Amino acid sequence: MTEVRLEKLTKRFGAAEILKAVDLTVHSGEFFTVVGPSGCGKSTLLNLVAGLEAPTAGAIYFDDRPVHLLGPRERDVAMVFQSYALYPHMTVYDNLAFPLRMKKRSAAEIDRKVRDVAELLGLTPSLPRRPRELSGGQRQRVALGRAMVRQPRLFLLDEPLSNLDAQLRIEMRSELKKLHQALRATMIYVTHDQAEAMTLSDRIAVLHRGDLQQCGKPKEVYERPANLFVAGFIGHPPMNLLRGTFRLGPEAAVDLGAGTRFGLAGVLRDRLRDFPEGGELVLGLRPEHLRLRKSGKDLGRSVRLTLIEPMGSEVWLELGWGDHRLRAKAPAEFDGSVGQTFEFEIDESRVYFFNADRGDRIS
Amino acid sequence: MTEVRLEKLTKRFGAAEILKAVDLTVHSGEFFTVVGPSGCGKSTLLNLVAGLEAPTAGAIYFDDRPVHLLGPRERDVAMVFQSYALYPHMTVYDNLAFPLRMKKRSAAEIDRKVRDVAELLGLTPSLPRRPRELSGGQRQRVALGRAMVRQPRLFLLDEPLSNLDAQLRIEMRSELKKLHQALRATMIYVTHDQAEAMTLSDRIAVLHRGDLQQCGKPKEVYERPANLFVAGFIGHPPMNLLRGTFRLGPEAAVDLGAGTRFGLAGVLRDRLRDFPEGGELVLGLRPEHLRLRKSGKDLGRSVRLTLIEPMGSEVWLELGWGDHRLRAKAPAEFDGSVGQTFEFEIDESRVYFFNADRGDRIS
Amino acid sequence: MTQPDGLTRAGFLFLLSAIVIFCLGPAVWQAVTSLKPETELIRLPPILPSHPTLDHYVTVLRDRSFLRMIVNSLIVASAVTGISLAVGSVAAFALAWLGFKGKGIVLGIALAISMFPPIAAVSPLYLAVRALGLRDTWWVLIALHTAFALPLTLWILTSFFREIPEELYRAARLDGCGPLQAFFKILLPLASPGLAAAALVAFIFSWNEFLFALTFTTTESSRTVPVGIALFPGLHEIPYGDIAAASLAATSPVIVLTLLFQRRIVEGLTAGATKG
Amino acid sequence: MTQPDGLTRAGFLFLLSAIVIFCLGPAVWQAVTSLKPETELIRLPPILPSHPTLDHYVTVLRDRSFLRMIVNSLIVASAVTGISLAVGSVAAFALAWLGFKGKGIVLGIALAISMFPPIAAVSPLYLAVRALGLRDTWWVLIALHTAFALPLTLWILTSFFREIPEELYRAARLDGCGPLQAFFKILLPLASPGLAAAALVAFIFSWNEFLFALTFTTTESSRTVPVGIALFPGLHEIPYGDIAAASLAATSPVIVLTLLFQRRIVEGLTAGATKG
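As you go down the protein sequences, you meet chains B, X, H and V in turn. Each residue of the first sequence is one higher than the one before, starting from 1 at the first, in the numbering used here. Each residue of the second sequence is one higher than the one before, starting from 1001 at the first, in the numbering used here. Each residue of the third sequence is one higher than the one before, starting from 2001 at the first, in the numbering used here. Each residue of the fourth sequence is one higher than the one before, starting from 3001 at the first, in the numbering used here.
Warning: the hint list may mix true and false statements.
Unchecked claim - Which chain B residues stay away from chain X? Per the calculated CB distances, all over 12 Å, these:
id : residue
1  : L70
2  : R73
3  : A166
4  : R261
5  : R293
6  : H324
As the list claims (entries may be wrong) - Simulated restraints, written as ranges between beta carbons of each label pair:
id : chain 1 : residue 1 : chain 2 : residue 2 : range
7  : V       : E3166     : X       : I1362     : 32 to 38 Å
8  : B       : R12       : V       : A3086     : 44 to 50 Å
9  : B       : E251      : X       : M1001     : 32 to 38 Å
10 : X       : G1263     : B       : E251      : 54 to 60 Å
11 : X       : A1054     : H       : Q2181     : 48 to 54 Å
12 : V       : E3166     : B       : D165      : 21 to 27 Å
13 : X       : G1263     : B       : T341      : 45 to 51 Å
Don't read these hints as lab results, they were simulated from the structure. Just so you know, these numbers come straight off a predicted model, no measurement behind them. Quick reminder that beta carbons are idealized off the backbone N, C-alpha and C, glycines included.
Isolated chain B, as found in the complex (with noise of 0.2 Å):
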């Protein structure tokens, strides 16, 4: 239950800037996940934070307590590591042992702490086995609880489930957001996976080369993107990006080249009022936010079907638009083929604008 702050927190190593002034509070009990492409800078954060590496500016507070300067044994935090780090020369007992062994602690209280972490997470029958003897599911669960067995003030994860399979992951997430509701321990989680940072958080930082993007819960960052890399990093499909030229005139339209128009009615109109008139904008279409209707009154979105993607519960579409590419989502019984062409509707609400050059939102 600590709350955790980085103040101006910034790593270089040698001429390349990997985190650059980071300001962020993690609240107390608070699942937080750091999200962003690989070589972001978000393991280095982790390293930072657990006193693994030394920042080279900026500072860390646990509780308003500075602890940047301190080692990583006296910042009592707990790490479980992507590829899980168990020891490999020791039983799963004697793994979930050592943190406390390195703390000094009785025997006595090894072993009830010991099998009270094994007994919440299944691992009783494991105990006496070797990490290489087990499957990848039970290494997780061990990494999880040689984190768990000192009760540590803060739990680091790095990509905890990255090496697992894709039906295993589905387990293991909500098994660990469910340990982490039983807890309440602050925990920072970091991965590359979106999804994962989307269904486990309580709120998630995006990074993106060493500099904050966006940070607050997952709907909130998912709704209003604060800008065009958080627009096309969260969401997956991700949202169709639309580079444009703001048009006024008798229509008002965001001109995509090569004719095609994206006319732009009342509200919309509206959220543009303070946009210079042919300035550069980008147009921000989710998929799942397409309807598509085979007929109708042309309003300029005509787009041809090139190619249909099959996912079973649904269908994943992919629609030629002037020269632009659109995709879309539609019900699995969807029905058309190929070459076929159809209007697609977006609700006003749904429509993003962003500024083409700084690629912030407008509106």
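Based on these hints, arrange chains X, H and V on the given structure of chain B.
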């Protein structure tokens, strides 16, 4: 444009039987996917078709000509590897030219073909560079190009997308599908990712522990899974599978234990008319087919919401039903909180039954 | 693994067998010599002894001074092994794990040293050793052998430590270990095949070393086995049979040890290649 | 890499420096000796020469027979290197890639051979070499050195080939190569750092080898550098300064070569550790 036929294809390594008498026909020009969890024998199957390994028993025919005694060079197949297997000491140009040089084509012909393929795949600017200077997506394209350049009779693709990140994988998936539509060549694709198998393929074959489970169009396999393994493997999240006992009496039902019953009205009961009373069966319900209602007449389908996983465009739910756990999908607008109780409904046509012992689907 | 076709396979098998036979040649030839009766020793033909005999082995093993040499060799080689492992493992840990900038240079120097011809060092060292009054002691051999064995163990152990996933070290640090605790509790046990390989290499280097041992020992009190064999009794007539028997008797334990622990050592020396 | 704190760091730095200084000792001592004037040579103190001189180098480099020895050494060592690499790389390819069952045994024997003490092989071989009339030729040295160098190169190259991803070999086979074409066109170029490392190790083993060279060469026509240095003119008074100068002059090219290619060779020898 080659038809590939496997007859009782078997491969053993010592005592381990990797492939068990697999019969399979891949039609000419088809995009055919072999899908299964790791260790199911799918890569061995590909190596046997390529001629990189020799079968223990059985035969392989290309257009009715037996090829299983030929070396890889004589079979004229191309393969795209999971690791891409680009030659690190050669430029992209030399990588693309290598298969043609081995066939002793003239320098002019090689140059023309290499440049054509590079143009098609957008690799022209990368031609003088070495593989390590390229991004993951570019390496993937070079690997594809090296396979395409000599126009083989058959393409083999061994999890070619699994090293790409989530978004690039979606991109390359649709590029691959369009490439197949343009080349109209026979392609055999191997993957552990059921989403790739569903979206890309004309037909798929599900493999498990060396045994062929089912072969058919993606939609068929999804809608009519042949057995429990296929039902649990195809679909994301997987089908809910609940083991119970078939009971007749005044109200026919599947007794799921702990007082939970799944009532069998008219049609459902008819489907089980040949099943013995008291027999063990598995009830299968796809998460996307469950509809939740807040109240209404009690059909014995009262479930408690235990976990909400927001996915952005939709929400995944975990529900407790007696001793069982159900997963369901709901729209992003889903309004409910953990602990609430719902009734679930499902269309009768979307309820699956499996024989609990043999695993095969009933009716 | 890819299966080659029959002909290629036969070709490779022939090549490998030829290499093994060629390289085993000297050792086999010596085994044959040690079994020949006195009269056939300096005649060629016969290549194989017409009446194999164990006389030479009896002579050698009855000799008190031979046993004394074995004790000397054991003490020197054990000390060299112990020092090299203790110092080498800590240094290898530092090189592999602590991100020192001069890492490449230290390893480069270690390489250059193991390339340095011992013969070139003998005569100037002779003066120094004489001046320090260390001639005919175990100490001088231990020091000199360690100077050559240490770089080898450093190499083997560094590549071994590098193979241990760094996350294990980090996990140990977070679980409450200091750097040295993490080293002793986690890394060293994991590196045990590497330690075995390094120990064997150091021990056998010292056991077999001839030049320094010849130069710096003058009496039986510090003479090691290789020197003993070279200086075998009989100044005018060379007792080839006894020499062969003595050297086989002295080296066979080492060879047996190597073959017994072969799997472990192969693991150790190819740590790089086979990833744990 | 994990950063240690300042004190630990200083401790490790001290340890590494101590190792380097200790192991460099013999070589540095010899360099000092080679610069001492005749009169200070057998006195100790002074440790450092009071009037450094290059006289010894001049004497050595004017000596015709010294140059002849260098040529002999070059020829023998080059031949040993060439044969070891050619045979060793094909054999290593077979061991690493073609899934032979006896793989472990062959590598084990290779290991045991490199453990075999050369001194033990000298006397029985002497008889065989004399009988075959090969004394005082390059051939006998080339054959014997190769028997000991080949197992070493086999080890280095096998672990190197194992590091090359198998899919590259498979890709080459599908792109139309036979097994040997795949080996020469794809695997061999990728293994070049390993080849460089193996070549250096073989060359330097042969260049430095003393015992066989001493036993089987009798005249200047085949005598190699280490023997030449040991038998330097002056039977009664030992010309320490000349010996030191000669050995430095003869070994410095090798050491320089090592340091120059250090990065490449470190790469080659730790191929296992650093994955490509």
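Practice task
Would you pick out the hints that fail for this structure and give their numbers low to high?
Solution key: Per hint list: 3, 7 and 9 violated.
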